[in-house]
Amino acid sequence: MFNWLLIFVPICIAVEHFYPQQHLLVFLTACVAVLPLAGWMSRATEQLAERTGEGIGGLLNATFGNAAELIIAFAALRAGLHDVVKASIAGSIIGNILLVLGAAMLAGGLRHPEQTYNAAGTRSQATLLTLSAIALVLPAAYSAAAGRGTTESIQGQAVGMHEVVLLSVSIAVVLLAVYGAFLVFSLITHSTLFVGSVEHADTGDTPPPWPMQKSLLILAAATVAIAWVSEVLVGAIEPTAHEFGLSSVFVGVFVVAILGNAAEHASAISAAMKNHMDLSLAIAIGSSVQVALFVAPVLVLASLWVGPAPMDLVFPGGLVATVLLSVLVTGQVAGDGRSDWLRGVLLLAVYLIFGMAFFFVPGVPGH
Amino acid sequence: MFNWLLIFVPICIAVEHFYPQQHLLVFLTACVAVLPLAGWMSRATEQLAERTGEGIGGLLNATFGNAAELIIAFAALRAGLHDVVKASIAGSIIGNILLVLGAAMLAGGLRHPEQTYNAAGTRSQATLLTLSAIALVLPAAYSAAAGRGTTESIQGQAVGMHEVVLLSVSIAVVLLAVYGAFLVFSLITHSTLFVGSVEHADTGDTPPPWPMQKSLLILAAATVAIAWVSEVLVGAIEPTAHEFGLSSVFVGVFVVAILGNAAEHASAISAAMKNHMDLSLAIAIGSSVQVALFVAPVLVLASLWVGPAPMDLVFPGGLVATVLLSVLVTGQVAGDGRSDWLRGVLLLAVYLIFGMAFFFVPGVPGH
Amino acid sequence: MFNWLLIFVPICIAVEHFYPQQHLLVFLTACVAVLPLAGWMSRATEQLAERTGEGIGGLLNATFGNAAELIIAFAALRAGLHDVVKASIAGSIIGNILLVLGAAMLAGGLRHPEQTYNAAGTRSQATLLTLSAIALVLPAAYSAAAGRGTTESIQGQAVGMHEVVLLSVSIAVVLLAVYGAFLVFSLITHSTLFVGSVEHADTGDTPPPWPMQKSLLILAAATVAIAWVSEVLVGAIEPTAHEFGLSSVFVGVFVVAILGNAAEHASAISAAMKNHMDLSLAIAIGSSVQVALFVAPVLVLASLWVGPAPMDLVFPGGLVATVLLSVLVTGQVAGDGRSDWLRGVLLLAVYLIFGMAFFFVPGVPGH
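Chains as they are written, first to last, in full-length UniProt numbering: chain A, 1 to 367; chain B, 1 to 367; chain C, 1 to 367.
Hint data in this document are derived by calculation from the structure and do not stem from the laboratory.
The beta carbon of each residue, even a glycine, is placed where N, CA and C say it ideally should be.
Heads up, some of the hints might be wrong.
[Claimed, not checked] Chain B is faced by these chain C residues, among others (derived, beta-carbon under 8 Å):
#1 127
#2 135
#3 178
[What the hints assert, rightly or not] Partner residues are not named here, just some residues of chain C that face chain A (Cβ under 8 Å, in silico):
#4 243
#5 318
#6 346
Kindly generate the complete structure, drawing on both the sequences and the hints.
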């Protein structure tokens with residue numbers, strides 16, 4: 001229904017070509033252009049999943065569900081903007097469990113006084129998030145303990161922190177292995193705990209899935225287009241942030257991350273309003289889990305070949321604390337199988353004060 | 001039943017007038033004088049609430065329930081003693097959820113092997129506390145990240161931290177908005193979850209409420225008296241602490257905060273012994289919520305007009321960690337709807353070791 | 001069944017006598033020699049407990065269950081290796097709740113799709129662990145706040161931190177008092193919550209317990225032998241670690257701690273595979289509780305008389321964070337009365353990434 005936004009794809013490329021100094025305009029048009037593309041990618045993935053059967057379909061959804069974010073992050077990785085990559089990883093994690101889940105709980109809670117869901121599946125995912133939060137804490141803690149500062153230079157030039165990169169790569173491998181275990185758990189051995197998340201489409205009168213060729217064609221086209229737009233978007237982040245005195249961390253955490261998750265926002269809220277809280281939580285928390293256990297480690301490993309220098313998992317202190325506290329709050333809010341509108345307000349309030357704190361951080365380079 | 005303690009109101013004022021150098025004596029008599037006044041204030045508020053009907057009555061209780069603490073903190077704010085204000089805010093939060101709740105669980109648990117309560121309401125309040133703990137963490141983290149030190153000078157002279165004040169004011173507004181949402185939630189849309197907290201007086205043979213004029217008169221008289229005594233008390237904190245080599249933080253956290261909550265102590269313990277754990281938890285945790293989401297932001301906003309300089313929300317690192325850990329423990333202890341005496345011992349032990357840690361902090365100015 | 005390993009007791013002593021420069025060989029033979037001795041100690045304690053009746057038996061198990069760890073730590077204390085003592089305390093706490101519990105949940109979960117246990121008893125113990133984690137955080141936080149650095153010199157020479165030692169001793173006394181309260185709770189007033197932990201042996205066809213003299217004799221012999229081997233082991237830690245470029249913290253956390261808990265590993269896994277999750281959790285979490293609330297404070301108090309200088313509770317920052325995060329994860333994983341293999345994988349993954357982080361810390365003296 002947002003198909004007309006696709007017009008922004010050529011617009012943003014044209015603006016970037018003819019008015020390269022209009023950073024804000026480039027940035028905004030690229031932002032808008034990402035939205036319909038991300039929507040089409042996730043729709044094509046779902047349709048493909050319908051055709052391939054439940055097991056492989058679940059795997060497809062789990063792997064390509066965050067493809068848009070992955071592609072944007074890749075563009076930033078190639079440009080050596082490690083701070084932006086890290087900010088968008090952290091922003092995506094907290095965006096899904098605070099903003100998306102908060103909005104879903106609020107919207108659902110305004111219609112239904114009390115909503116319930118399967119606490120066991122939620123707890124498993126919340127625990128995976130805690131694991132990944134710990135995984136993000138350790139390199140920063142190690143780096144701080146080793147007394148070498150926690151920020152890389154903005155150009156992404158690694159400053160000889162050989163052990164930190166080794167540690168980050170090792171942790172990335174462990175996270176991917178745990179993600180593999182989680183897929184086996186949720187798709188094979190304990191799939192009954194995660195009913196809602198697989199059956200995305202069982203809400204009433206579903207049309208037959210697309211033919212496979214159509215899905216693949218749309219997926220390919222959207223991937224190419226989003227990769228192109230991402231380059232434009234990423235190139236405009238730094239100058240736009242600079243122009244407005246914002247830090248690129250703020251832009252990464254609160255702008256880039258929201259764009260990449262716009263499709264999840266819409267689905268999770270709509271599911272909550274239909275009182276399908278299991279599905280709503282599966283989308284919101286599941287997206288965070290995917291980013292933390294799949295997107296983040298893939299980017300670390302990819303950085304060994306892509307971009308000017310290997311990216312470590314040393315997140316700036318503020319981001320680490322933000323992720324850790326967000327995961328804590330979500331575990332508390334979503335741990336007992338019930339939900340109401342106040343919990344939605346709470347999650348949104350936490351997101352808001354995080355946003356305010358990052359907003360006031362001055363836009364100095366390298367932060 | 002502590003009415004004879006009212007004699008300490010004139011005594012403390014007289015001592016302060018005739019022996020201004022006897023800091024300890026001034027401090028102690030002021031401390032004792034606060035107790036009966038705070039008791040009368042909370043009783044008059046309750047009586048007023050009975051007359052005004054449930055909705056407005058709940059609002060009155062929620063707003064003026066911590067009036068004594070608010071007035072003492074105001075006196076410290078006017079004197080520019082921001083460290084004392086912050087210490088008494090933090091002390092009030094942890095005092096209610098560790099000391100008051102611990103004593104209540106211990107006293108109740110010694111009489112009843114296992115006590116139960118509604119976990120859903122408790123979880124909502126515990127989550128509100130987590131939100132407020134995060135709200136207190138952020139300015140300190142921001143301030144530390146900005147490399148400007150986390151302590152204000154004792155004279156309350158703001159050291160040009162414009163952004164920190166802006167951030168603190170923004171957070172204060174969010175906290176007040178969440179508190180408003182919580183009032184709507186607990187008094188209107190989900191009042192059934194909080195039965196105990198509103199019906200303070202339904203424990204047996206309750207006499208008819210006082211006439212409205214009587215309540216208002218007593219409230220007014222007690223407010224004036226407590227405001228006077230608070231000035232005396234606050235003026236004596238620094239020199240007394242100095243005399244004994246204690247930090248004013250210790251005095252604020254563990255002395256001033258206990259005084260302001262003495263009434264809650266008594267009610268929460270008595271409710272627990274009667275096996276009314278819902279009421280007991282509502283008093284203890286609810287008081288902390290009020291301080292964190294209402295008293296603290298009101299003081300921040302008031303400091304824009306009252307006192308020598310605006311007060312920020314940058315709590316010293318030790319206090320932030322203390323509040324965060326206390327909230328964590330309470331969430332763990334009170335999250336499953338049951339209680340026993342060992343949990344009471346645990347909360348008291350945590351309070352005790354916090355007290356010991358702050359006791360050993362030397363009484364240097366500005367800490 | 002590992003009795004033939006006893007041959008390593010004389011071997012390690014011989015190697016240490018004749019080839020004192022072969023540090024690695026001395027270290028490895030001492031490690032292996034500890035295993036059967038620790039096994040015999042815990043078996044003799046259990047047999048003694050059977051004879052003495054349930055109350056005193058429970059007390060014996062609770063007090064001497066970690067005797068092997070206590071003796072090894074004593075040897076390190078006498079040698080003034082405070083860093084090793086602290087590392088083995090922290091390693092023992094996290095080893096039991098991450099490695100032992102993780103392996104048990106994984107092994108049990110591979111056989112049984114979903115396992116259940118009494119959540120109330122587990123929550124009590126998890127809360128005790130949170131208390132002890134807080135107790136370990138405070139001296140480090142205090143020490144950092146006081147700006148005197150958090151590491152002692154490796155020779156164990158206290159650097160005039162009088163208040164930190166006082167604080168540590170006070171906290172140790174509180175922890176022992178809470179442990180006493182926990183024993184009263186679990187053995188007397190609420191023993192029904194902890195059925196599994198006391199009746200270690202009720203799994204089928206138990207033979208009659210040994211005669212008391214036999215138990216005492218074996219206990220005495222094993223204690224003497226383990227004390228001897230511990231001296232050898234501890235003496236070899238530093239040079240071995242140095243030789244391999246590892247920190248003594250890594251060796252303490254991940255080698256010494258695993259050795260001292262080998263017996264618990266075996267019992268907890270075997271209980272989980274038999275679907276006795278209550279017993280399995282009681283062994284794993286209970287062991288951590290014993291180390292945190294009994295072994296650690298006893299060592300602090302003992303250091304006032306044993307060894308070159310009093311030992312404080314100032315754990316290096318990395319260890320404090322490790323313990324705190326481990327306790328958090330365990331509370332989340334084991335708080336709802338159910339278990340599956342993915343949770344086991346999660347706990348093991350957390351343990352693994354902690355191990356990797358400490359592995360990369362360079363083996364500088366004093367760290």
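Quick rundown of the hints versus the structure:
| no. | hint | result |
| --- | --- | --- |
| 1 | 127 | holds (5 Å) |
| 2 | 135 | holds (6 Å) |
| 3 | 178 | holds (5 Å) |
| 4 | 243 | violated (19 Å) |
| 5 | 318 | holds (6 Å) |
| 6 | 346 | holds (5 Å) |
Checked against the numbered hints listed earlier, the structure breaks hint 4 alone; every other hint is satisfied.
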